[in-house]
Amino acid sequence: MDLTFDPATDFKWLLAVPLIPLCGYVVQIFFGRFLPRKGDWLLTSGMFVTMLITVWMAFKAIAATQGGETFFHDSWADEGFGFRWLYDTQKGATDPLNVTAGILYDGLGAAMLAVVGIVSFFVHLFSTGYMKGDRRYHIFFANISLFTVAMLGLVLSDNILFLFVFWEIMGLMSYLLIGHFSHDPTSHRIKQAAAACKKAFLTTRVGDTCLFVGIMIFYYHFQTFRFTELWQAAQETVAANGGDYPAWMTAAGLLVFGGTVGKSAQFPLHIWLPDAMEGPTPVSAMIHAATMVAAGVFLLGRCYPLMSPEVLTVVTCFGAVTALFAATIGMTVFDIKGVLAYSTISQLGFMVAGIGTGGLGLVAGLFHMVTHAFFKSCLFLSAGSVIHGCHHEQDMRKMGGLRKKMPLTFLAMLICTLAIAGVPLFAGFYSKDKIIQSAHMKMMTGGLDGAGLFAFVGLLLAAAMTAFYMFRLIFMTFFGEPRDKHVYDHAHESPKPMVISLLVLAFLGMFGGKMWLRDFDLLGGHGTWFEDLTSEISHEHAGHASDAAGSVAEVFSVDRMFPGIALTEMNTYVGDSANQYLASQHTGHTWAMTGSLLVAIGGILLAWFLYVRRKDLPARIAAGFGEVYTTVANKYYVDEVVNATVIKGTMVLALTFKWIDETIVDGVVVGAGKVNRAFGFFWAWFDKTIVDGLVNGVAAVTSTTGSLVRLFQTGRIQQYASLAFGGLLLLFAWIFLA
Amino acid sequence: MGLEAYVVVATVLFGLGVACLITRRNVIYVLMGIEMILNSANINFVAFNRFNGDGMDGRMFAIFVIILAAAEAAVALGIVLNVFQLFGTVKPSDVDLLRE
Numbered sequence: 000m001d002l003t004f005d006p007a008t009d010f011k012w013l014l015a016v017p018l019i020p021l022c023g024y025v026v027q028i029f030f031g032r033f034l035p036r037k038g039d040w041l042l043t044s045g046m047f048v049t050m051l052i053t054v055w056m057a058f059k060a061i062a063a064t065q066g067g068e069t070f071f072h073d074s075w076a077d078e079g080f081g082f083r084w085l086y087d088t089q090k091g092a093t094d095p096l097n098v099t100a101g102i103l104y105d106g107l108g109a110a111m112l113a114v115v116g117i118v119s120f121f122v123h124l125f126s127t128g129y130m131k132g133d134r135r136y137h138i139f140f141a142n143i144s145l146f147t148v149a150m151l152g153l154v155l156s157d158n159i160l161f162l163f164v165f166w167e168i169m170g171l172m173s174y175l176l177i178g179h180f181s182h183d184p185t186s187h188r189i190k191q192a193a194a195a196c197k198k199a200f201l202t203t204r205v206g207d208t209c210l211f212v213g214i215m216i217f218y219y220h221f222q223t224f225r226f227t228e229l230w231q232a233a234q235e236t237v238a239a240n241g242g243d244y245p246a247w248m249t250a251a252g253l254l255v256f257g258g259t260v261g262k263s264a265q266f267p268l269h270i271w272l273p274d275a276m277e278g279p280t281p282v283s284a285m286i287h288a289a290t291m292v293a294a295g296v297f298l299l300g301r302c303y304p305l306m307s308p309e310v311l312t313v314v315t316c317f318g319a320v321t322a323l324f325a326a327t328i329g330m331t332v333f334d335i336k337g338v339l340a341y342s343t344i345s346q347l348g349f350m351v352a353g354i355g356t357g358g359l360g361l362v363a364g365l366f367h368m369v370t371h372a373f374f375k376s377c378l379f380l381s382a383g384s385v386i387h388g389c390h391h392e393q394d395m396r397k398m399g400g401l402r403k404k405m406p407l408t409f410l411a412m413l414i415c416t417l418a419i420a421g422v423p424l425f426a427g428f429y430s431k432d433k434i435i436q437s438a439h440m441k442m443m444t445g446g447l448d449g450a451g452l453f454a455f456v457g458l459l460l461a462a463a464m465t466a467f468y469m470f471r472l473i474f475m476t477f478f479g480e481p482r483d484k485h486v487y488d489h490a491h492e493s494p495k496p497m498v499i500s501l502l503v504l505a506f507l508g509m510f511g512g513k514m515w516l517r518d519f520d521l522l523g524g525h526g527t528w529f530e531d532l533t534s535e536i537s538h539e540h541a542g543h544a545s546d547a548a549g550s551v552a553e554v555f556s557v558d559r560m561f562p563g564i565a566l567t568e569m570n571t572y573v574g575d576s577a578n579q580y581l582a583s584q585h586t587g588h589t590w591a592m593t594g595s596l597l598v599a600i601g602g603i604l605l606a607w608f609l610y611v612r613r614k615d616l617p618a619r620i621a622a623g624f625g626e627v628y629t630t631v632a633n634k635y636y637v638d639e640v641v642n643a644t645v646i647k648g649t650m651v652l653a654l655t656f657k658w659i660d661e662t663i664v665d666g667v668v669v670g671a672g673k674v675n676r677a678f679g680f681f682w683a684w685f686d687k688t689i690v691d692g693l694v695n696g697v698a699a700v701t702s703t704t705g706s707l708v709r710l711f712q713t714g715r716i717q718q719y720a721s722l723a724f725g726g727l728l729l730l731f732a733w734i735f736l737a
Numbered sequence: 000m001g002l003e004a005y006v007v008v009a010t011v012l013f014g015l016g017v018a019c020l021i022t023r024r025n026v027i028y029v030l031m032g033i034e035m036i037l038n039s040a041n042i043n044f045v046a047f048n049r050f051n052g053d054g055m056d057g058r059m060f061a062i063f064v065i066i067l068a069a070a071e072a073a074v075a076l077g078i079v080l081n082v083f084q085l086f087g088t089v090k091p092s093d094v095d096l097l098r099e
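Which chain is which? The protein sequence lines are Z and W, in order.
Here numbering that gives the first Met the number 0 is used: the first residue of the first sequence is 0, the next is one more, and so on.
Here numbering that gives the first Met the number 0 is used: the first residue of the second sequence is 0, the next is one more, and so on.
In isolation and in its complexed conformation, chain Z is listed as follows:
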């Protein structure tokens, strides 16, 4: 098979990627209920085709980058292929108000698109089993399909405005999907679902508003939405500013990061994500693995050159805080999906912190997004399988010993738990290891005021906790003797489509990390897949050109993600990473690898000890920690604090405005009404008395005159004749006598 990217035809294939599920959505939403099996086969097969295209395209990208070239395709620049929106042909392409949309397909986009395609297909497949018998089965499929369309469009978008459009569609679809059961009158959690979807929508809205303001600030200064032009403009601006990012770019970068905080559930806007578990489990897998939360991380990757070192420091700190914070909560939760929700937040913290450390960390963070998508979707679907098998029981305290009843689910979940815990040879190990290595590198170079140190220590601790709470989940659910006989007796393995989805994703969770290994040369190349897609390691002579005898150094750069942008020159933060790459390959790598290995194994052993060996200990430890444990178990009271400050504050503000509205505004309106009424009465009196009086007076005078004159009008003809002759006589008398 020819694996060269041909812009003339391949952009059309890429356009078909979001269009196939979109057409499916349109058919499904209108006619889904009339189709056989309520139309699930239509969307699932459509997603299968989409997946095939995305994987095929991703192999083209991998083949190109394995050959050492930069894979970067922009449909407008390459082919003039795209969509003109708000376009005035009179003014031409140079007018800043002309907004065009096209496809940007680079290494990062290729990897992400394939991940979204694969995970979405298997979520669709899984849903055909899991959602069976749901009252709004066809609506569920339509919504989850449009959700996928939004993510695919977001990944393909070549400008930040259309990225935002798809971002918002995703926000809406997450609202509808999380609240899926709120429309089901038979659901016993109808109110919780309604509250959860509202919370998710409003919380992410805070981030979305920040993002939009950030986009508009960049547009105001750079007069463009297109990523390639934004990067170029940023480079020029930084160069013109003497190599430093201007303050407004820091502000705008922070606002764009605000979008990530909302969508990717970073502290303090993470509160929507645990509640989003109210949605059906396939939705959780979709939101927390491949789509919604990954969108925030993807945005950071796309906007990376716009971020100043200060922004990246903030990003690192937020990521590390989130990773650590969510991991501690994850250790205390008993809801099987709740554990996974907090582990998602924690892993997103890893990604964001990784991107914040710059350079290698950027690649590592994005790679973690890819591997995480595989194993987390598998974990969620396994949890869904467990919940399905246990007849919608989610409390781990009622499970136990399920490995005999659900061997395949257990296998899939075990593999992915090993992956997320960071055990070598499984996917999560490679990406998490690289993030920690990058944090270590940042720590050694000093970076900016200890953020690297904080990230390194925080992430290591979080990694240890991740291993601990994930194995706590495994031991509580699948090992030991059954805690609740009723649940255990009725547990059963899930139907075929669900199990197949689980096993394929578990396979990817197991071997996805191999994309990083240097000796993984399925396509005959010699590099590593993901690294080659996004970055480049060139061998350069260290030092000056005159120093020809100098040693050959490996120089690492992420230029393949941003071709033509000299990131290392504009951002010292990245420059440090690039120059430290070689050193870290030797020292940092050892440190990070040893550290992450130790914490992973330590966490697993501790979980085994506490939940298999000495089952009486966890309760005693929890009691020993007392207040601390209560605080963590209550999620640090973040929800309560938000309730007390933001929500109560909003309510008080609303009540104040209600009072102002009812008392002052209504008072003015009512007063104006009263004045008008008084005027009305006056004019009514004037009209009735003066105007009508005049008219009536004229009529009365006429009438009176008529009555008087009428006296002479007797109707007697002889009288008239007498008068006439009398008058004649008088006339004669006057003539003759005068």
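Calculated from the structure, these hints are not laboratory results.
Hints are supplied without guarantee of correctness; some may be wrong.
Chain W side only, calculated, beta carbon under 8 Å to chain Z, not exhaustive [stated by the list, open to error]:
hint : residue
1    : Val17
2    : Leu20
3    : Ile21
4    : Pro91
5    : Ser92
6    : Asp95
7    : Leu96
Not close to chain W: a few residues of chain Z, all C-beta gaps over 10 Å, as computed [as the list claims (entries may be wrong)]:
hint : residue
8    : Lys11
9    : Phe29
10   : Pro35
11   : Glu78
12   : Lys190
13   : Phe200
14   : His390
15   : Arg402
16   : Lys634
Just the calculated beta-carbon pair ranges, DEER-fashion [stated by the list, open to error]:
hint : chain 1 : residue 1 : chain 2 : residue 2 : range
17   : W       : Arg58     : Z       : Leu707    : 47 to 53 Å
18   : W       : Phe47     : Z       : Phe731    : 17 to 23 Å
19   : W       : Ile27     : Z       : Ser706    : 34 to 40 Å
Backbone N, C-alpha and C define an ideal beta-carbon position, used for all residues, glycine too.
We have chain Z already, so just place chain W on it with the hints.
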């Protein structure tokens, strides 16, 4: 016999006609009064033409007046018949709808 005699006769006739016109209670007599007034005028026309004029103007006018009087009498009698049908009376004092 001079002009004065004719004028006196005509004046007397006129006075009788007016008296008849004003006083009679039957509309037929009223019409007869009108005829007398018209004929007193005719006497004057003819008399003044005989004594003062040298043409036929006065006599021609008299003939016209006779013709008009005949026509008038025909119309008037028609009206009287209709009035009688409507009001059941020929007293002019009772026919006073015009007052309204």
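To see whether the hints hold, each was checked on the structure:
With 8 Å as the threshold, the beta carbon of W/Val17 comes within range of chain Z, its nearest partner Cβ sitting at about 6 Å, so the hint holds. A hinted interface residue such as W/Leu20 counts as satisfied when its beta carbon comes closer than 8 Å to some beta carbon of chain Z; here the least separation is about 6 Å, so the hint holds. Hint status for W/Ile21: holds, given a least beta-carbon distance of 5 Å to chain Z, under 8 Å. Taking 8 Å as the C-beta cut-off, the interface hint given for W/Pro91 holds, the closest approach to chain Z being about 5 Å.
Interface restraint check: W/Ser92 against chain Z, minimum CB-CB distance 5 Å, threshold 8 Å, status holds. The interface hint given for W/Asp95 is met, as the beta carbon of that residue sits about 3 Å from the closest beta carbon of chain Z, less than 8 Å. Below 8 Å, beta-carbon pairs count as interface contacts, and W/Leu96 has one with chain Z at about 6 Å; its hint therefore holds. At the 10 Å boundary, the C-beta of Z/Lys11 stays outside the reach of chain W, the nearest C-beta of that chain being 98 Å off.
Interface exclusion of Z/Phe29 from chain W stands, the closest Cβ pair being 80 Å apart, more than 10 Å. The beta carbon of Z/Pro35 is kept farther than 10 Å from every beta carbon of chain W, the shortest such distance being approximately 92 Å. Residue-level check passed: Z/Glu78 sits 100 Å from the nearest beta carbon of chain W, beyond 10 Å. The beta carbon of Z/Lys190 sits about 86 Å from the closest Cβ of chain W, which is more than 10 Å, so the claim that it is off the interface holds.
Against chain W, the non-interface label of Z/Phe200 holds: every CB pair exceeds 10 Å, the least being about 85 Å. With a closest Cβ-Cβ approach of about 102 Å to chain W, Z/His390 is found to remain outside the 10 Å limit, as its non-interface label requires. Interface exclusion of Z/Arg402 from chain W stands, the closest Cβ pair being 118 Å apart, more than 10 Å. With a least beta-carbon separation of about 101 Å from chain W, Z/Lys634 lies farther than 10 Å from that chain, consistent with its non-interface assignment.
For the pair W/Arg58 and Z/Leu707, the beta carbons lie near 49 Å from each other, so the given range of 47 to 53 Å is met. Checking the proposed 17 to 23 Å range against W/Phe47 and Z/Phe731 shows it holds: the Cβ atoms sit about 18 Å from each other. At about 35 Å, the CB distance of W/Ile27 to Z/Ser706 agrees with the hint of 34 to 40 Å.
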